[in-house]
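Reconstruct the complex from the two isolated chains, following the hints.
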Amino acid sequence: MSTVGGNMAAPITSETDGNIKENSMFLKKTLSAVPPLTLRIVAECPVTKARACDLTLPHSSVSTPVFMPVGTQGTLKGITADQLEGLGCQICLGNTYHLGMRPGPELIEKANGLHGFMNWRRNLLTDSGGFQMVSLVELSEVTEEGVKFKSPYDGKEILLSPEKSISIQNSLGSDIMMQLDDVVSSTVKGPRVEEAMHRSIRWLDRCIAANKHPDKQNLFAIIQGGLDAELRKACLDEMTKRDVPGFAIGGLSGGEEKDDFWRMVTLSTDHLPREKPRYLMGVGYAVDLVVCVALGCDMFDCVFPTRTARFGSALVPWGSLQVKQKQYAKDFQPIDPDCQCPTCKRHSRAYLHALFKSDTAAMHHITIHNIAYQLTLMRSVRQSIVEGRFPEFIRTFMKRMFPSPDQYPGWAVEALASVNVTLE
Amino acid sequence: MAGSRMKLELSKVVQGRCRLGQLKEIGRMGQHSLDIPGCLLYTHLGTVPHLTQDTLHTLSSLPTVTQVTLSNIAEHQEVLDEFKGGFKTFAGLHDTVLYCSLHDSAAHRPTGHTTNKTVSVWGSGGRIELTVAKFMALQRMVQPDWYQAMADGETWQTGTSRKRVRKSVDRSLAHLDECLLVHQKSQELDGVSVFGVVEGGDILEERLCSARETAKRPVAGFCLDGFQTGAMDQALRSQLIAAVTEELPEDKPRLLQGVGRPDEVLACVEAGVDLFEGFFPFQATERGCALCFRFDVTPDPESAVSDEERHAAGEMQPNGDLHCDDQTHMTRFEMDLKDKRHQDDFRPLVEGCGCYCCRNHQRAYVHHLLVTNELLAGVLLMMHNTSHYHSFFRAVREALANDKMDLLRRRVLGTLTE
Numbered sequence: 001m002s003t004v005g006g007n008m009a010a011p012i013t014s015e016t017d018g019n020i021k022e023n024s025m026f027l028k029k030t031l032s033a034v035p036p037l038t039l040r041i042v043a044e045c046p047v048t049k050a051r052a053c054d055l056t057l058p059h060s061s062v063s064t065p066v067f068m069p070v071g072t073q074g075t076l077k078g079i080t081a082d083q084l085e086g087l088g089c090q091i092c093l094g095n096t097y098h099l100g101m102r103p104g105p106e107l108i109e110k111a112n113g114l115h116g117f118m119n120w121r122r123n124l125l126t127d128s129g130g131f132q133m134v135s136l137v138e139l140s141e142v143t144e145e146g147v148k149f150k151s152p153y154d155g156k157e158i159l160l161s162p163e164k165s166i167s168i169q170n171s172l173g174s175d176i177m178m179q180l181d182d183v184v185s186s187t188v189k190g191p192r193v194e195e196a197m198h199r200s201i202r203w204l205d206r207c208i209a210a211n212k213h214p215d216k217q218n219l220f221a222i223i224q225g226g227l228d229a230e231l232r233k234a235c236l237d238e239m240t241k242r243d244v245p246g247f248a249i250g251g252l253s254g255g256e257e258k259d260d261f262w263r264m265v266t267l268s269t270d271h272l273p274r275e276k277p278r279y280l281m282g283v284g285y286a287v288d289l290v291v292c293v294a295l296g297c298d299m300f301d302c303v304f305p306t307r308t309a310r311f312g313s314a315l316v317p318w319g320s321l322q323v324k325q326k327q328y329a330k331d332f333q334p335i336d337p338d339c340q341c342p343t344c345k346r347h348s349r350a351y352l353h354a355l356f357k358s359d360t361a362a363m364h365h366i367t368i369h370n371i372a373y374q375l376t377l378m379r380s381v382r383q384s385i386v387e388g389r390f391p392e393f394i395r396t397f398m399k400r401m402f403p404s405p406d407q408y409p410g411w412a413v414e415a416l417a418s419v420n421v422t423l424e
Numbered sequence: 425m426a427g428s429r430m431k432l433e434l435s436k437v438v439q440g441r442c443r444l445g446q447l448k449e450i451g452r453m454g455q456h457s458l459d460i461p462g463c464l465l466y467t468h469l470g471t472v473p474h475l476t477q478d479t480l481h482t483l484s485s486l487p488t489v490t491q492v493t494l495s496n497i498a499e500h501q502e503v504l505d506e507f508k509g510g511f512k513t514f515a516g517l518h519d520t521v522l523y524c525s526l527h528d529s530a531a532h533r534p535t536g537h538t539t540n541k542t543v544s545v546w547g548s549g550g551r552i553e554l555t556v557a558k559f560m561a562l563q564r565m566v567q568p569d570w571y572q573a574m575a576d577g578e579t580w581q582t583g584t585s586r587k588r589v590r591k592s593v594d595r596s597l598a599h600l601d602e603c604l605l606v607h608q609k610s611q612e613l614d615g616v617s618v619f620g621v622v623e624g625g626d627i628l629e630e631r632l633c634s635a636r637e638t639a640k641r642p643v644a645g646f647c648l649d650g651f652q653t654g655a656m657d658q659a660l661r662s663q664l665i666a667a668v669t670e671e672l673p674e675d676k677p678r679l680l681q682g683v684g685r686p687d688e689v690l691a692c693v694e695a696g697v698d699l700f701e702g703f704f705p706f707q708a709t710e711r712g713c714a715l716c717f718r719f720d721v722t723p724d725p726e727s728a729v730s731d732e733e734r735h736a737a738g739e740m741q742p743n744g745d746l747h748c749d750d751q752t753h754m755t756r757f758e759m760d761l762k763d764k765r766h767q768d769d770f771r772p773l774v775e776g777c778g779c780y781c782c783r784n785h786q787r788a789y790v791h792h793l794l795v796t797n798e799l800l801a802g803v804l805l806m807m808h809n810t811s812h813y814h815s816f817f818r819a820v821r822e823a824l825a826n827d828k829m830d831l832l833r834r835r836v837l838g839t840l841t842e
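Order-wise, the sequence lines are chains Z and H.
What the first sequence shows, in our numbering, is residues 1 to 424, in sequence order.
What the second sequence shows, in our numbering, is residues 425 to 842, in sequence order.
These are computed hints drawn from the structure, not numbers from a lab.
Because the structure is a prediction, the values reported are computed rather than measured.
Hints should not be assumed to be uniformly reliable.
Footprint (simulated), chain H over chain Z, 3 or more residues, beta carbon under 8 Å [unchecked claim]:
id, stretch
1, 117-123
2, 221-231
3, 321-335
4, 346-352
Glycine residues also receive a C-beta, built at the ideal position from the N, C-alpha and C atoms.
With the rest of the complex left out, here is chain H (with noise of 0.2 Å):
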């Protein structure tokens, strides 16, 4: 089996599907864990965006996974090959767990270039096409203690055909079997996690038999692919979730690819969902926004100023579209720090936010290096989204815990009133 060290310590179960515990002994010496409903530590290259391990470590709980992606690391194969002792050590990363993935969620992915036999990544230099061999010879230099099996997602797209999804299944259950065959020949790679990928665009019967295909394999977990925002709505989303996650094995983790907006976080947690990738706050730091939602549902009297006069206030944005499906524009989560309003505003982003920014920076001072074109903003923003998104997701595995899953969506979506 590969990977058959992780272990899911399940706590609580809510209506079959939704749950909260721990994801143990993970990395390859087993010594790491964690906590879900969770989320990755997102990065380019293994740095977290605009961040040195200075500034990164000013954050007080860092999840304990660090995702790299196979769009930044392929086109330094040669490199990797030549250096031998693996990404981490090459990377100069802290002691973490390291998950490869193939596509990055916040990055452009052309189209059409999917053939039976292979996918393409895009690197700085253009588009590199992976053979299963390639692929797994990457997994051989990288060595990382967890990665998703090669697979062929490109189903997110409106319209792709019956045909094309069904292509999708079947390409990524071959991809995934030739991959473990590999996997359990190559001693690098021993005490390595795999996880199969379920595709199945938007058609239940798909999904179904991907799921339950599989499942059949000696996986350590599940990633849930052409699940992206923008291709599909969340009903259907969550609707299909839940019915892939019932012919998954319980005891075994789902990691959620290319959803991060916080209302759709919820939802997915609900049909399932145990894992999602931290792209969404570097999002919102590249639009030089702030996030700014609110996921405290803990009665506190002082705070009690209701959503509706925080709104008359003009302390909330005007709303960015629930429904837009374009990953690139600003959602109702988070404030536009551009915006004139904040010129001379001293307060700190969000109140109460114990990041680096709020604690040593104001909304004036950000919005003066926005407007002047200056690195620092990247800096500050990224200190600042992470942390408050890495927040939320403790305050959804505390919302599991007590029953207040309905209060904290409330509280997400800005429609609680006390």
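For reference, chain Z alone in the conformation it holds in the complex (with noise of 0.2 Å):
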């Protein structure tokens, strides 16, 4: 698996300065030629939108359909790296606000980048800034230049503008970065979608023009434009028309109605190319990710499994299971009989239930287990798109979730139906 960029290790022996320099211009010409990003189709479904692919990002390669947990601040929260890697992640998040407060691009530089912080060797994906900036920040005042707010930690004013947040991107020197895009809730309706549509088009264009590097560093659109065909349409046929290496569906997973959210996801899969990644925000409940596979999306990532496991939630096929609630105190099976996690390969659920009362480790467990469920459901869809028999998987998939047909959810049976995915 070839490392682009910096990691060229190779000497150039040569005997005149000139050839010296011939040689090395040569190598910068050949390596820039080599994209940081490939998409490699292994296999469509030949019954939904789904595909599974080999995504080939600089620092490994990754399997698609895939779910990227959020380590937020450089951490997964209470995992080690070496779990992480051992649960087999191939990519995951770091969160530019947050990294960008604290500790602070030019330390992560000294660092060498977000990978070298954390130690990570895997890929990495950090979005743009803009999410948090409208969801954590109250008093937040969007402008042409950018998002302006008061810090949290010293009060002071600060402006993320395109160009702010792909500097910090590039000083994380992530793998993938996004756009900063102008974040509306997909509950907003009326003229400032259109708004934050448009700006959002001219903000794609104003990053692409500051990144430093475009030969290590991916940059994905997002696509925006709420729960409006037409305003998505728009966006779709713009966002485009830029030669970027991947593109994400933004916008949706706030609090829409699910039945706006998969009409808006499939509307855009439809209008994406083929041959790049879509990368799908949010998203990361079992049934929205098998669903939204089905429509055609590769890439997910949602703080909700990890942020779900610190409170004793652990998720399994059949939905979920507190583990701290009474009726698991005497439960002597593990969490799911048949996960290969290490969590439950060791530990019952009685004794993580009472570990819960005793010490922080029992949150650990279930985190492990939570990020192992998430990757193993999203190798088992892979492995049926491979094999052809997804539209099988999906079937086997619902019922196991559901205790019957009547509680499927209505947006899911529509959303599959459109896919030509009839569940009973």
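And the structure:
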């Protein structure tokens, strides 16, 4: 697996200064001709819009469909980099807003980027900071320049512009960077949605121009347009004109109705190029993942699995299990008897239930299990696509997840029907 | 005899008190051994704080004895009763010797609830009162390899009356006798070792009485209670321990409860203690601190930077109070990683430390994790502190073997100038 950019090691032997210069320029040209992202479509589902791909990034290759755990502040909530690697994670997220605040881009650059700082050898994706701007910070003001807000740590006024966001992400050195988009909640209607969509396009161009390392860091565009099909289509038309290595579907997974959600997802994948990855942001519930893979998405991220773990909620093929509840005090089975994760191989529900009263390690056990669950789910999804039995997989998955067919979520049934999968 | 299998093999005794050797054939199957002076693996309900088995086993040499406490376990009695397979299996423990103590030396223990027939422990849901019957019922469910008898050790508060101290001695002997009776009748405890607990507060006569009487009982070894950091100064502690160990049989181990600070450990080893509880690394971790005290005594010209020079270079933290009785305060043996000076320090916590944290991460990263309240901070610090502390014990044994205890003490205290 080739590494691009900063890791070239072969010395150039040559006799004259002129020769050395020529050779190094040749090498530079050759290396920069290798894109920092390549997507190889391994299999396409003949029934749905699902694909299984090999995504090659600077630090390692990634098998899609992929779920990316979120390590907001340069750490995955109590899990070491070794443990995360051991679970088979090939790419995870860092957060530009948080890391930009603490410890800041200059320090992380000194530490050899976020990879060096966290000691993570595989891939990293950083978001732009835009979402936190709007969701975390009360008094933020969006102008054409960028997002103005007051730092929660020292009260100073900060402007997060497209240029600033990319500059921070360049310092972080992530393999995939996200453009700064004008984020509007999916429940907002009216002219603000259109304004945000157009501005996101302008900000995409500014981000592309600001990227100092296009040979090492992939900048993804984020399709906006809210729940308005026309706005979304307009955004898709414009953004796909830009030669970015990948596209994210943004502005969804907020508080919107699932009926609207899936329609925007499928509209987006209908108009995104086949040979580039599609990243659906903020989606991580098992049912959502399976359906959206069927609708043509390749990459997903969500804080839910790791966040819910810390509350003692373990994800299982039939839903979730609240380990802290009394009913598990004397339950001596593992969380999932079929799960191969380190937690399930060694500990019972009863022990974890008891441990929650004594030590934080209880949370780590569940976090490990939940990440394993998500990654295993995606691996199984991928395998079924490769083996041409994805629709069957979907049916089995839904049967296991819901006690009876009349409990299947309506939106999921419709969405799957739209890609030719009928559930009972 | 409760646990006649445990064998203490001494290879060296200094001044008739300070011992180097090995505790052999420990565990029900007699398959483990523990070097002494040594320390136990401190856990909360069988889990080393913050760590899962993966992170725990990054440590190259774990103590062979894992300590659990009834203060963590008592509230789960019903569960263990139903489980029936013993605590080790319940907790999914690796192959280890399980030692069950009464109290958690790193946890706050309220006083005033001990009676003639009962002691109390505090679980997550509040106070649980234990009679000997209940205590022994718990031991039968836990099925440890070794446990301490129930004891009344509430004598560490300053100004404990002589009368109260005497009570603690008498009660503890009575509890011990009752425990041994029940033990002999319990099949589940066949092959399990019992330690008698020596009490006596800070009163020499009481200590001697307790030691002599406890020594008469058929126990496998002795816990020394009531000597916790904060209960008395080290001078008195050393004096009393030396007097106590004089009354105890040479061929049985002595476990000191509640003392973990490196300088106190050294002094107590010299007074005749063999085993210590391993809670000190946990306390440092909870403070956001990394143990960094030196314990190298083999001459190494390359690293001959004197501690004075290190002070000047700002490498050493301002000393925590050497005589600080509050176990929660930072000691001189650690560095506070929340301190801004570590913000852009890309060195490992301790140069040359082989632990996972020092091999993979830098001070700047751990600082960041602490400042942002990230859970990984505790994980990394616990790995480092545990490794550092256990390496210290290895150094103690080596120093004893090579007659370098004095050098070691000065190195640990930071007063060695070469």
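Problem set entry | chain H covers the stretch 221-231 of chain Z, three or more CB atoms within 8 Å, holds or violated | Our answer is that it is violated, as 0 residues pass the Cβ test (under 8 Å) against chain H, missing three.
Problem set entry | Outcome, coverage hint (the stretch 346-352 of chain Z, chain H; C-beta under 8 Å; three residues) | Coverage by chain H holds for the stretch 346-352 of chain Z (5 residues, Cβ < 8 Å).
Problem set entry | Coverage of the stretch 321-335 of chain Z by chain H (three or more Cβ within 8 Å) | holds (count 3)
Exercise. For the stretch 117-123 of chain Z, does the count of residues with a C-beta closer than 8 Å to a C-beta of chain H reach 3?
Worked result: holds (count 3)
In summary, the one numbered hint that this structure violates is 2.
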